[in-house]
Every structure is written in structure tokens, then in C-alpha cells.
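Each chain, written out:
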Amino acid sequence: MRRQRGTWVRYLLLTLAAAVFAFPFYFMVVGAFQESPTNTPDHLLPTSGWTLDNFAAIDSRIDLLGSLGNSLIFTAGVLLGTVTFGLLAGYAMARLDFRGRGATWVLMLLVQMVPFQLLMIPLYVQITRGFGLGDTYLGMILPFAINTTAVFIFTQFFRALPQEMFEAARIDGASELRILTSIAVPLVKPALTTVVLVTFIGPWNEFLWPFLITKDATLQPLAVSLANYISNVAQSTANPNGAILAGATTLAFPVVILFCLFQRYFTASNIGSAVKG
Amino acid sequence: MSTATREPRTTEVRTTRSRWWGRQPVGSLFALPYLVFVLAIFAYPLGFAVWIAFHDYFFTAPGVDVPKPFVGLDNFAAVLTDPQVLEAFRNIGVFLVINVPLTVVLSMVLATALNAGIRWAAAYRIAFYVPYLTASVSLVGVWLLLFSSGGLVNSVLGPLAPDPSWLVNSSLAMPTIALYVTWKQLGFYILLYLAALQSVPRELHESAATDGANAWQRFRNVTVPGVRATTVLVLVLAIITGANLFTEPYLLTNGGGPDGASVTPVLLIYQRGIQQQNPDTAAAIGMLLVIVVGVLSLAANRINRER
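Top line first, the protein sequences correspond to chains X and S.
Residues in the first sequence are numbered from 1 upward in steps of one, following UniProt numbering.
Residues in the second sequence are numbered from 1 upward in steps of one, following UniProt numbering.
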């Protein structure tokens, strides 16, 4: 009897909380397809007024496809660097005995502790003025091009593989690069998926850095152009609400879809090691 | 950050003659791109940040070399006597006082509820986790509508709605932002607690139940101490996230208004360093912020250990 009451309370608590968490999404998606998104509770379940005009409206102010493309280039660049260099460094840290490995490990731990706020100004100076990479994709990608968290994740996975396999391959005369690409990488495919999913969210949602270094609207990722629309253009537009929600939905969708598809790969330990202050 | 903290120990057979550069020196070649990256993107800017903060640094046209004299602690003195900077740090204080306890309590309670072998656990987890995954810029757009003066929240509240409304109210702007961030990040912390709860032995709960402990007593005396290490992590991460606050005050309150009530240190770094072209004071604010965050994180660590 007591036990049942406890369960009932638990479900009520979780359902209430889930409603609070999911409601803004519902509001966003429904509002994106409504002629005039509601601000009164009695129109929360719209029966009419469905339209695609909001997407046309936001597309007329910011180039929706263009900025989605920029987001994609930015994210793909970060992923490419993270996976390539992360695999190399992770393999070296886990499986290769070389001078300086201990020092590299300490460096990796230190890097996790450097906060971005401190680097923001010098990186901005360095990348826009030193390297002349303001308003370029490379400048956008560079600070995120190698992710220490990814190196940690790859190291963990490579370390879990049996040592005999590597010894055997070495005795057969395979080069280390060959061992990495033909033996080690195929065995750590779950690690690859994890790293891709965990690092995909970062650049796709990143606002501050691309916002700092892109002044050219044709290069801005969607997060930046949508933010500019919200803070500058929206006030001077007659009915911006639907357009804002349409843009927000477009930005949110790719990540949410990916997450729902690959939900089981998001284990807490991986996410936990992905956090960087 | 929590997973691997130890130098790997190789269990290979010891070769008779271990070479100075190791048995697979090619490893240094594999790690080289990473090392170059760390030097160029972390070490050099870090040193540069400190250098800028102690010099009279300003932007010049490319190729022009103007002396940038050493000014000692002048930048720090200017920053510490600047009322706007002090207000920004106070605002972060308000944020942390609301955000951190809410985050710890809510994520621990919801994770405990989720952990009890509930049906549709995956669906609940997705609901909690989706705000964390979604770009803040998207969600800010939604909250702007929900919390505007004619927004849904106020039309539900009716006469109870605050005047001036949430985000344009100088005493409510920062608390509203703190609620927003708590809501957005909570799913991630729930996931951390869920993982930690797996390692709290079931027998402890059972024996406590046999001894007649009710649900609250079990939560208080078994669950809470069992996940203490995670609580420290959550505290530290919540403090760091709070200190990094930029997007939310920038977009939700139009660049830190009303009356600077939601200006944050990172927002000031942006305004001073890039908009007003004073990278030296901006770098000094950055260093101050890092020191404050470091002290707070250490304190969180200490408090939790002593209890």
C-alpha cells in the first residue's frame, strides 16, 4: 500500500517535470507552423491556421539555407579535425610507448582546465589580426579543431583492447599507422559514434565564437544569423514571433533528430567526460 | 573529465634494453598535431592573455608597430574601481545563488525518481535532455515570447504578472535568466546523477528500509551521501557554466539591460574588448573572473569534503 503511493507520487513528479521541460518545444514547433503563434492558453491546441509562411518570412531576412550550410561546414570541419587528430593522439596515448607521453597526458589534463573566457580576447586578436582569419571558415573552426575530450574518449577505448593483438600485428611487421587504421579503429566504432555525437552538438549550437569572428552575413552559421535577427531585425518587423520560432525550429531540429536516432550512445560517462568548462 | 586521470601503465613484457625515446617513438609523431594545437590554441593565448592584462594594449592597423608599455596592475585597478564591473560580478552572484542550489536539488531528486525502475524511463529522459541538446539561441527565442509582457506566462498569471514584466524588470531579469539556465542544463546533470546512482549499492537501501527508514530518510541518509562525488562535480560545473554566461543575457535582455541588471563579466569582456577596443581591460576582467571561479570551485570542493 505504502509502496504504491510512493510510485504514484514519483510518476506525478516526473510527469509534471517532463511537461515543464517539453512544453517550450511544443510551443516552438507548433508556433513555427502557425499564422500567429498564440500567447493565450486557450489556443494552445490550434485546429486551424497552419502555414509555412513563417519559414518564408525568416528566409527572406536571413538566408536560411545558406546559414544552415555554414553551420554544416563549421560542424563538419570541427568533426573532421576532432576525429582524425583525436584518433591519432588517442592511439598514441593508449598504445604507444614514446618519450613525452607522460608530459602529454599532464598537458591534456591542464587543457581541460583552461576556461574559454580567458582565451577569448587573445584568440580573437591572434586569429583575426595575427593569422588574418577573421570572416573565414578556418578561423571559425580552428579553436575547436582538436577536442581534448575526444582524445580522452579514444584513449579509453583503445586501452580496453587486448594487448596481444597489437603485439601480433607488430611481429607481422605492420606499421603503427596500419595497425591503427586496419585493426584498432574498426574495433572502436562505438567510440567513433560517441565522439561524433558528442562533438556535433558543440559547433552546431556554438554562438559566441562564430559571432565574434564573422561580420560577413554570408559566412555566419544559423545560430549567429538567427541571434542577429532576434536582437536587431525582429523589433522593426510587424509580426516577428512566427519567424523567430521557425528559425529556432530549423536550428534545433538536426540535433534533436540525431539524438533520438542514436539515443543509446549517449551514456552518462561519455557525456560526463565531454564536459569542458 | 572524471573518467581518466591516471597515466596509463603498460603491462607489456619489459624489453631488455629500453630506449631513451621509448619503444614506439612514432607515437610522438601521432601526438604531434595535438601538441601543436595545444601550444597554438591554449598555451600561447593563455600567456598572451596575461601579457595583455599587464600592458597598455590596443589594436593597431596590421603591420604598424606601436610600443605597448608595461603598466603593472593599472588595468586591474581600473577594472576593480569600475562600478559596472563590480555590478557584473554581483549579477553573477545573484545568478549562482539561484541556479546552483536549484540545479543540485532538482537534478538529484529527478534522477532518484527516474532510477527507481520507472516505466517509460527513456521517454522521460529524452524530455529532460532535449533542452540541453538544443542551441541556446533557439530556446532563447522561445523564452523571449513566453516571458514577454504579453506572453503566455503572463496571460496565465493574469493579474499576478509582474510589472514591469520579467525580462525588462531590473530585479527579475537575472533571476529569470537563472531559471532559464537551470531549465536548459538540468537534463545533463540528471544524466550525471543517474550514472552515479548506479553505483549506490541496493543493499544499503534495503537494509535501511528494514530498519524502518521512510523514503525521505533513505534519500537523506543513503542516496545523498552515496552521490557526494557527483555533487561536487555538479557544483563545480554549474559554477563554471554560470561564470561563462553570455548568450542568455545578451539575447534575452538585449545586451545586459535593464539598467545593466543582467550584465555579466563575459558580456563585459565582449563589450570592452571587441566593441570598445580595449583588450587590456577585457583581459584583466577575464583573469579576475578565472580567479573568482577558481576560488568558488575550491570552496565547493572543500565544503563537500568537510561535511
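Quick caveat, the hints were computed from the structure, so don't treat them as lab data.
Check before you lean on any hint, since a few could be wrong.
Pulled a few chain S residues facing chain X out of the computed Cβ check, cut under 7 angstroms [to be verified]:
| no. | residue |
| --- | --- |
| 1 | Arg23 |
| 2 | Gln24 |
| 3 | Val26 |
| 4 | Phe89 |
| 5 | Val153 |
| 6 | Leu157 |
| 7 | Leu160 |
From the three backbone atoms N, C-alpha and C, an ideal C-beta is built for every residue, glycine too.
Given Val26 (chain S) was flagged as interface, is its beta-carbon under 7 angstroms from a beta-carbon of chain X? Holds - the Cβ of Val26 (chain S) comes within 7 angstroms of chain X, reaching about 5 angstroms at its closest.
Does the nearest C-beta of chain X fall within a distance shorter than 7 angstroms of the C-beta of Leu157 (chain S)? violated (10 angstroms)
Would the stated hint for Leu160 (chain S) survive a check requiring a Cβ distance to chain X of less than 7 angstroms? With a closest approach of 14 angstroms, the Leu160 (chain S) hint is violated.
Using Cβ atoms only, decide whether Val153 (chain S) comes closer than 7 angstroms to chain X, and label the hint accordingly. Violated. Min distance 9 angstroms.
Quick check on the hint: Phe89 (chain S) CB to chain X CB, less than 7 angstroms? Violated: closest Cβ of chain X sits about 13 angstroms from Phe89 (chain S), beyond 7 angstroms.
Does the nearest C-beta of chain X fall within a distance shorter than 7 angstroms of the C-beta of Gln24 (chain S)? holds (4 angstroms)
Would you check whether Arg23 (chain S) satisfies its interface hint, that is, whether its CB is within less than 7 angstroms of any CB in chain X? Holds: closest Cβ of chain X sits about 4 angstroms from Arg23 (chain S), inside 7 angstroms.
In summary, the structure is inconsistent with hints 4, 5, 6 and 7 from the numbered list given earlier, while agreeing with the others.
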